[in-house]
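J.: Here's the letter readout for the chains.
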Amino acid sequence: MPDQEMEFDLLTPQRQSLLGVVVYLLRNFRAMLTILITFVAIAASKPAFWLIAGIAIIPIAIILAVLAYYQYRNFTFHVSDNELIIHKGVFFKERTVIGVDRIQSIQVTENLVQRVLGLVALKVDTAGSKGNELEIPALEVKHANALKELLYTRKKALAQNANLSADGVLSDELEPGSTKTHEIADEDETEKKLVHLSLWDLIVVGLTENHLRTGFIAIAFVFGTLSQYKDVYESYLEESVDEYALQAANAGLMFVLIMVVVFVVLSLVISIVRTFLRFYDLKAVLKLQAVEIRTGLLKRETFRVPIRKIQFVQWESNPLRRAVGFESAKIKPSNSVGETAQKQSIEIPALKKEQTEMLAQGIFPGFHQPESVLKGDKWAYSRIAAMMSTILILPLVAALFISLGYYALVFLAFIPFVGALGYYFGKTVRIFYDRDYILIKKGWFFMERIVLPSYKLQSIALKQNVFLKRRNLCHLQFYTAAGARSVRYLNIDEAQAIYNYLIFCVESSPEPWM
Amino acid sequence: MTETWQNSEIQLADLPAVEDGTFQHHPLRYRKYRNLGATLFWIIPVLVYCSFVIFQFGIWAYIVGAFLAIFMLFSFFGINIGYRRRSYALREKDLTYKKGWLFYATTTVPFNRIQHTEVSQGPLERRFKLCTLNIYTAGGSTSDLSIPGLNEDEAQQLRDFIAKKAALYA
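Protein chains in written order, with full-length UniProt numbering: chain A, 1 to 514; chain B, 1 to 170.
Accuracy of the hints is not assured; some may be wrong.
PhoX-like, lysine-lysine: derived pairs with alpha carbons at most 20 Å apart [what the hints assert, rightly or not]:
hint, chain 1, residue 1, chain 2, residue 2
1, B, K98, A, K469
2, A, K375, A, K441
3, A, K469, B, K99
4, B, K32, B, K129
5, A, K148, A, K123
6, A, K192, A, K299
7, A, K463, B, K99
8, B, K98, A, K463
9, A, K352, A, K375
10, A, K156, A, K123
11, A, K287, A, K148
Quick partial rundown of chain A residues pointing at chain B, CB under 10 Å, derived from the structure [as the list claims (entries may be wrong)]:
hint, residue
12, L25
13, G206
14, K463
15, K469
Treat the hints as calculated values from the structure; they're not laboratory data. Beta carbons: idealized from backbone N, C-alpha and C, even for Gly.
Sequences are here, hints too, so could you generate the full structure?
T.: Spelled out as structure tokens, the structure:
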């Protein structure tokens with residue numbers, strides 16, 4: 001570490017890597033492209049346009065290149081007095097100063113261009129309104145890491161000083177310098193490797209994706225493509241209906257079979273490609289105060305989530321994943337202002353049982369399943385499922401009755417079947433709760449488990465409607481800074497008791513939620 | 001650090017229950033204000049509908065008319081029946097708001113989770129001397145609480161009280 005700082009001085013204004021010119025050049029070209037496309041769209045029909053465009057392209061390219069060079073030249077950054085200072089701009093000079101205490105998170109990302117050039121971008125998120133994030137787009141990896149470490153160290157030292165002076169007693173006993181080094185050593189020691197996905201793991205994850213979901217995306221794609229050839233196969237089908245009714249039926253069956261095969265193959269391929277793009281070479285590391293995840297094939301991203309910012313963790317699995325012993329975990333940190341909850345969700349797709357336990361203990365020290373439990377009303381789930389399926393199936397049966405006669409009534413058997421499915425789902429809906437944690441469990445096919453520290457709740461709502469009121473049921477909605485989660489069909493008296501209890505937990509908790 | 005650390009057992013039944021609190025209802029003016037607002041809102045669709053019906057009358061006129069009538073009925077029912085349920089309860093450490101006509105919701109926001117508060121007043125509200133108190137938490141827009149139909153001084157008092165409480169934790 002000291003070596004790096006020696007050769008790369010962060011305390012005086014520094015330029016980025018010289019290769020940054022290429023990054024800027026390509027950015028400028030991309031910005032020009034939209035203008036160019038509009039021009040082409042307007043003037044493409046006129047031959048003179050092509051002549052002018054041909055001549056103009058050289059000066060435009062030169063201007064863009066010169067611009068890129070000056071963008072690189074005028075961009076400097078350095079750290080001074082707990083502030084990150086950035087100068088930039090070609091025509092309009094800009095000076096941005098960010099106090100390290102306002103830094104929320106630092107991300108190191110790279111896109112394809114940066115990857116080829118061996119550069120990374122450093123993005124600094126600050127508390128405050130949207131668009132307030134800062135980017136240093138072309139840094140060498142080790143410089144980016146050095147800058148990131150320096151900023152974090154400064155931030156931590158600052159926070160510690162503030163704490164010490166607030167306490168008043170301790171500030172004399174410890175020098176700020178010594179606490180700083182101690183803290184860093186501490187963190188290095190407790191760095192634990194959580195998971196590193198191998199190629200085989202990735203294939204397994206891809207194969208055990210929720211194919212129903214990816215399959216439907218595939219179906220939409222297939223039908224979109226097939227509709228182009230609609231005329232061809234439709235005329236064929238129409239012809240054969242009259243004379244070769246049987247053949248047509250066979251052809252139809254074949255068509256369905258082919259569609260099923262296409263569905264399966266396509267969804268498998270899409271799942272695997274998607275998995276590789278998102279989770280290639282995923283490395284997750286558990287530190288004392290943060291979870292760090294590095295992932296991606298074309299766009300490699302590093303997420304560093306401070307543990308106190310994590311609002312809840314959601315574990316999910318489907319039967320396929322369970323068969324191979326994997327579970328996926330979504331980590332939900334609090335959104336900074338203006339960001340959507342979706343964007344901030346961080347996923348680890350394959351965790352073995354002991355890794356799950358390790359993640360849970362790393363984020364929520366001392367977590368165990370709370371004793372008190374509140375169960376969903378399974379009959380309510382069953383009723384709703386049966387009712388919904390009735391609404392869907394009755395018109396279908398009525399329509400089929402005309403052509404099939406009494407055989408159509410067979411479809412009515414679906415209603416109790418769906419009702420039974422609802423019953424078994426409802427049976428799995430439970431809220432475990434105590435002073436420290438809320439644990440929500442749901443599902444027997446797609447299983448879902450949410451662990452949420454009680455004191456991280458922002459507010460709670462109890463919802464009901466006229467039908468639920470008659471049956472003494474209600475829904476509970478838990479709001480956190482990373483989105484809301486709800487549990488449906490609970491007994492009203494029990495739900496009110498847990499409602500009051502959780503409010504009490506939040507109000508009596510001295511811990512800051514963030 | 002703290003010598004007086006205690007960890008006594010908590011009985012669920014002994015906790016103060018939200019539903020036992022005294023719920024404060026809105027002044028009758030609020031209902032009038034909402035009715036007037038809804039009337040003003042529906043005038044335009046009804047006028048458009050009428051002008052179409054005059055020019056051309058057909059089966060669609062019944063269908064659209066029925067839909068329009070149902071929507072209007074629902075909005076006025078919602079206002080006048082829902083008015084009875086709309087109420088808030090202020091406790092030492094939190095604020096609870098109840099509302100809803102077909103779908104009821106009770107929401108509680110603890111003071112130590114409030115980000116900021118504001119009092120707003122629209123032009124029509126000014127006519128009726130009413131205010132809306134908006135309470136923002138970090139839980140996103142769905143969990144933000146907005147209590148309309150407060151007397152002007154009442155809203156200001158509430159806001160000051162809540163802001164003072166929330167500042168204790170910030």
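J.: Run every hint past the structure and note whether it holds.
T.: Hints, one by one, checked against the model:
1. Only pairs whose Cα atoms come within 20 Å are accepted, and B/K98 paired with A/K469 is accepted, the gap being roughly 15 Å.
2. For the hint pairing A/K375 with A/K441, the CA-to-CA distance comes to about 10 Å; that is within 20 Å, so the pair holds.
3. Only pairs whose Cα atoms come within 20 Å are accepted, and A/K469 paired with B/K99 is accepted, the gap being roughly 14 Å.
4. In summary, the hint linking B/K32 to B/K129 is supported, as the alpha carbons are separated by about 12 Å, within the 20 Å threshold.
5. At roughly 10 Å between alpha-carbon atoms, A/K148 and A/K123 fall within 20 Å of each other, so this suggested pair holds.
6. The straight-line distance between the Cα atoms of A/K192 and A/K299 is roughly 25 Å, outside the 20 Å bound, and the hint therefore fails.
7. A distance of roughly 10 Å separates the Cα atoms of A/K463 and B/K99; the hinted pair therefore holds under the 20 Å criterion.
8. Only pairs whose Cα atoms come within 20 Å are accepted, and B/K98 paired with A/K463 is accepted, the gap being roughly 10 Å.
9. Under the criterion of a C-alpha separation no larger than 20 Å, the hint pairing A/K352 with A/K375 is inconsistent with the structure, at around 28 Å.
10. For the proposed pair A/K156 and A/K123, the alpha carbon gap of about 18 Å is at most 20 Å, so the pair holds.
11. The suggested pairing of A/K287 with A/K148 holds, with an alpha-carbon distance near 16 Å, which does not exceed 20 Å.
12. Interface restraint check for A/L25: the shortest CB-CB distance to chain B comes to about 40 Å, outside 10 Å, so the restraint is violated.
13. Because the beta carbon of A/G206 sits about 33 Å from the nearest beta carbon in chain B, more than 10 Å, this interface hint is broken.
14. Satisfaction of the interface hint for A/K463 is found here, the shortest Cβ-Cβ separation to chain B being roughly 5 Å, below the 10 Å cut-off.
15. Against a cut-off of 10 Å between C-beta atoms, the interface hint on A/K469 holds, since the closest Cβ of chain B lies about 7 Å away.
Going down the numbered hints, you'll see the structure goes against 6, 9, 12 and 13, while the others check out.
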